[in-house]
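Colleague: As a plain string of letters, each chain reads:
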Amino acid sequence: MKRSRRQFLKVASLSVAGLGAQLAAGGMTKAAAAVKPSYKEDALALKAKRWAMVIDTREFTSKEDFDACINACNTAHNIPHIPGKTEIKWIWKDAYEHTFTDTTNKYQSKEIEDREYFMLCNHCENPPCVRVCPTQATYKLESGIVAMDYHRCIGCRFCMAGCPFGARSFNFTDPRPYIKEVNPKFPTRMIGVVEKCNFCVERLDAGKLPACVEAAQGKIHFGDLSDPESEVRKLLEENFTLRRKPSLGTEPGVFYII
Amino acid sequence: MLEKVLKGSPKYYMWLAFLGGLIGVGAITYLFQLKYGLSLTGMSRNVTWGFYIAQFTYLVGIAASAVMLVLPAYFHGYKQFKKIIIFGEFMAIGAVIMCMLFIVVDMGMPQRMLNVMLHPTFNSVMFYDMMVLIGYLCLNAIIGWKTLECERFQVVPPQWVKYLIYTSVIWAFSIHTVTAFLSQGLPGRHYWLTAVLAARFLASAFCAGPALLLLLLMIVKRIAKFEIGKEAIKTLTIIITYAMCLNVFLFLCEVFTSFYSNIPGHMHPLHYLFAGTEQGLPWVTYWMWIGAVMAIGSLVLLIPTSLRENMKILPWALGMLVLATWIDKGLGLIIGGFAPSPFETWASYAPTVPELLISLGIFAVGAFVVSILWKIAIDVKKEAGTL
Ligand code: SF4
Ligand code: SF4
Chain D
1 MKRSRRQFLK
11 VASLSVAGLG
21 AQLAAGGMTK
31 AAAAVKPSYK
41 EDALALKAKR
51 WAMVIDTREF
61 TSKEDFDACI
71 NACNTAHNIP
81 HIPGKTEIKW
91 IWKDAYEHTF
101 TDTTNKYQSK
111 EIEDREYFML
121 CNHCENPPCV
131 RVCPTQATYK
141 LESGIVAMDY
151 HRCIGCRFCM
161 AGCPFGARSF
171 NFTDPRPYIK
181 EVNPKFPTRM
191 IGVVEKCNFC
201 VERLDAGKLP
211 ACVEAAQGKI
221 HFGDLSDPES
231 EVRKLLEENF
241 TLRRKPSLGT
251 EPGVFYII
Chain Z
1 MLEKVLKGSP
11 KYYMWLAFLG
21 GLIGVGAITY
31 LFQLKYGLSL
41 TGMSRNVTWG
51 FYIAQFTYLV
61 GIAASAVMLV
71 LPAYFHGYKQ
81 FKKIIIFGEF
91 MAIGAVIMCM
101 LFIVVDMGMP
111 QRMLNVMLHP
121 TFNSVMFYDM
131 MVLIGYLCLN
141 AIIGWKTLEC
151 ERFQVVPPQW
161 VKYLIYTSVI
171 WAFSIHTVTA
181 FLSQGLPGRH
191 YWLTAVLAAR
201 FLASAFCAGP
211 ALLLLLLMIV
221 KRIAKFEIGK
231 EAIKTLTIII
241 TYAMCLNVFL
251 FLCEVFTSFY
261 SNIPGHMHPL
271 HYLFAGTEQG
281 LPWVTYWMWI
291 GAVMAIGSLV
301 LLIPTSLREN
311 MKILPWALGM
321 LVLATWIDKG
331 LGLIIGGFAP
341 SPFETWASYA
351 PTVPELLISL
361 GIFAVGAFVV
371 SILWKIAIDV
381 KKEAGTL
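Note that the protein sequences, when read in sequence, are chains D and Z. If you count the first sequence from 1, position 183 lands on 183 in UniProt numbering, and the numbers rise without skipping. If you count the second sequence from 1, position 343 lands on 343 in UniProt numbering, and the numbers rise without skipping.
Okay, chain Z solo, but in the shape it has when bound (with noise of 0.2 Å):
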């Protein structure tokens, strides 16, 4: 199946080319960042994860996500999904690519990454998180293939498939999950210390995640000309739209807590994020009160039916939705966990360029991947006349 990738038109070379540009523009400040180190960042000594870590962790969650797909088709017979159910595995491949490839870029000494295995330290949250990872790639990366071969030769798919596709139903859950133990078992990290942070994490990634899955298909769909199928959209929108709805109620839960308790460690967070500090406003406020706009208003787009079913109104729904949660877990989920430094004091952060070129070429090479995987599907299924 992999000639696909060669035979495409000059449009897809064109794209394949700029993304190429983009990583080589990634990798060339990356070997800056190699030499002066992550100086070239905007971290420092009190806010030591950054743009980095937290695309990490918002990847995670679009990984994660292709469960919302997979387990409605194989746990509960829904069939409408099984004509996406590639797309989302393969934009699960893309988006574990580019989580792994921030971590590389965050690491002060990535030629000893290997560490992790050499010296498995099983009380290392991260430990697991390297592990599921891997784990989670090679699972749909051999269940997508394996699947889209069948599809291709007309042939059910032997039963080990089915078994593995059940395994990654429970992985999905489980990278998020430790991804935000991670995070959530650190003492003196207010913001993160919280045991709804896990289920956040899993509800803004089963909105999200299914969202941009939408949206890139709808925008595909167009180039490549097929349809999605009217039914599989309904139900997907009204899975991102219960999704979304169990997000926003678990951050609201957060603010009570903080607010009603009046514990000062747990108000100080949101406070800045909301509210800045006696200093003024930090960037980051703007974007959080953008991202608490766009999630209010993709609600009100998307839980209405006649608003949701309106295929007009839904790509700026789901996009709304997609720059929310990306606010969310993006940006501020990461400062708010430093802004308040161990010594009561506030410390700011802010991306560096270096920091936003190397995270692009990522980006890039996660939309490299994905459109070199899709445009396989894309043509299998068009042979086999599935799509």
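Extracted from the complex, chain D is given alone in its bound form (with noise of 0.2 Å):
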């Protein structure tokens, strides 16, 4: 299921057309302006076939190092600091085991094991939180970033059942309260939906990179998996990596220097 921004488009004027023209039909002549909706591209956007991301693992040592990147996302999307298990996070760090669950072995390098680790919406390539969705409300873009609609989203949370990643949020109460600072340039959810990381899809149009990417000055590689001359193809060509889950077949695209 693609869903480009345009085919959106296309089908809200067409709606919007047939509204315009039910309306004229019942002698209301001044809803007849059916306005045929323009989208341009912002010239600077950042375009990919498949965005990924590499974290380079081994750069990661300090706390600040990943308060930097994780306060720089809260702070782009407003994302609420609810305490407890209801919590809200779209890009947050945890342990070696919690992490990459089924590549545990015993008698690790202890300097791994107690490294910590990013874990974020993966923007999985076949990602079973589209599959299960009910209203689309949860989609793929064409450059491979895993979207959501927080005003079509009804709640039902199926999305957060079907991610094996845990990479998922429920706004189980009003989240507006515990946004310490509204960022105005992006919007606040609502209480009932569901969110998640969105790769910064609305700084890639605007030509910068995420925003985790830019606080962690080089530590995090963002870039085009289907294009073999791109950063993150080389780098993923020089390092061992791993990635979370692999053998659930989602195909994560964010992937870990170890």
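Hints listed in this document are in silico derivations from the structure and should not be mistaken for laboratory results. Even glycine gets a Cβ: it sits at the ideal position worked out from N, Cα and C. Keep in mind that a hint or two might mislead.
Between beta-carbon pairs, the in silico distance windows are [unchecked claim]:
no. : chain 1 : residue 1 : chain 2 : residue 2 : range
1   : D       : 38        : Z       : 261       : 36 to 44 Å
2   : Z       : 2         : D       : 181       : 56 to 64 Å
3   : D       : 202       : Z       : 160       : 51 to 59 Å
4   : Z       : 173       : D       : 126       : 28 to 36 Å
5   : Z       : 252       : D       : 202       : 48 to 56 Å
6   : Z       : 123       : D       : 113       : 53 to 61 Å
Each of the two chains sits in its own frame; use the hints to bring them together as a complex.
Modeller: Here you go:
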């Protein structure tokens, strides 16, 4: 199921036209103006066939390294700070055995075991969350990004049961009181919908790299996985990397240099 | 026939008023949930479905079980069931209505419910689930109503009803299969990711549903003073016994596969449910063991013919069976699915008081609907002399 913004606008304009025709038939001439929406991409927009992320876990040594990225994401996306089991998180860190649950070895290098690792939505190539969503509120963009329409989500949380990576959060309560400082450039969410990392699609459209990538200052790499010349492909060739739960066949787009 | 609803004894009205009260409590609690969100429930980031979805799953089974009366009667011409089929169909209507309500109260954004139909998504099992449930509700309502009407005027039901009945048989299997497919196809949820889940669902439905029906009929026959028919009870309990044996067998298959393969992910949920974790026993473990004992107990009382046909023992056996299947599906299934989190940590869950009150309200809605429908059926049948 691929659905581009353009397709969406086409459908939208058709429905507007349909509505206009209906209203016009009812004698309301004012509504007859069915505008043909024009959509122009930002000339600066970064483009890829398959966005992917390579995290150099060797470089993340201090709490500050992690916090810089997490805070950058939280501020960029108005992520509320809700303590406890109903928390909302897009990118967070955890221990090795919680991140790579099926790649744990006994007597492993202490250094690797003691490191902490980022977790976020993998923007899977075969995303179960998209497969199960009954309203197409979760959908895949042509760039490989798994995106969400918060205004269509019915909050059934089927996608959360479907995602094997625990990448999704649900707004159990109204998130707005929990946002310290609202960033007017990004929408806040309402109660009762699911949300997750969006690979900063809004920044890519404006020609900027994801907030966490920018804040990581070279420790996280971002690029086009389908382009053999890209930086991420070079890194994958030169380094040993892991992905989370590859055996499930979702084809995660987040790689970890170990 | 609707006028029958209005003429009843004071006891009948008191019962309805009592249910009305419970519905009121549930509805008011639900208003709070609408305002404060699902934070009022025990669900969390790692346990995203709870008591509501579990009840939904169980009740789809109860709804589907009407087929255990319809199938012998219409496919094999077994006449003894004809008298009580209508009760099964009307119970199915109550069950489907409860299912729908449980889905609605579980939604974060119920006001957007119609998005499922406005943006039909054929790759989502939930879309099909919604469709088959609505279809099943309509089928049972039309079939039940029409056959009862024909009984009242003592005419043979028209031919088209028969075709609808045949459709409803297949439909019943499909609603519970689709419900199993909701969870059966999710990668990474080991407790559900098993091909026998749908079969398990059907087996447990086909014993629990008729057992519940028989129990309720035994109560109602005392109040309304009618006979269910010895033969019908005999045959139905045999069906219940076989289905329960199959249910237990399929569960044991799961246990074997998990533990003989020794794959940790497959053992974790069962381990959590029956033996707890390093941190101790979760509350559900006690329930699971009660369920296991009840399941075995019910079989002990149902398998030997002499015990099964003893009308003093039968209600106990049926009660134990209903409790056992409910614990398995109405508690264990969802908790076992979520307890090992995607991070291989243990995620605990317990329903909260608001969650239980809302659920109670929904159960009361079901009881209300079934009470009214059964009242109509009993009155019509009594008048027609077919009870
Ligand atoms: S990580 Fe989870 S939420 Fe993200 S695309 Fe994959 S399945 Fe969907
Ligand atoms: S919670 Fe929202 S995004 Fe997730 S499956 Fe349901 S409708 Fe889709």
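Colleague: For every hint, state whether the structure bears it out.
Modeller: For each hint, the structure was consulted:
no. : hint                      : verdict
1   : D:38 / Z:261: 36 to 44 Å  : violated (58 Å)
2   : Z:2 / D:181: 56 to 64 Å   : holds (60 Å)
3   : D:202 / Z:160: 51 to 59 Å : holds (56 Å)
4   : Z:173 / D:126: 28 to 36 Å : holds (29 Å)
5   : Z:252 / D:202: 48 to 56 Å : holds (52 Å)
6   : Z:123 / D:113: 53 to 61 Å : violated (39 Å)
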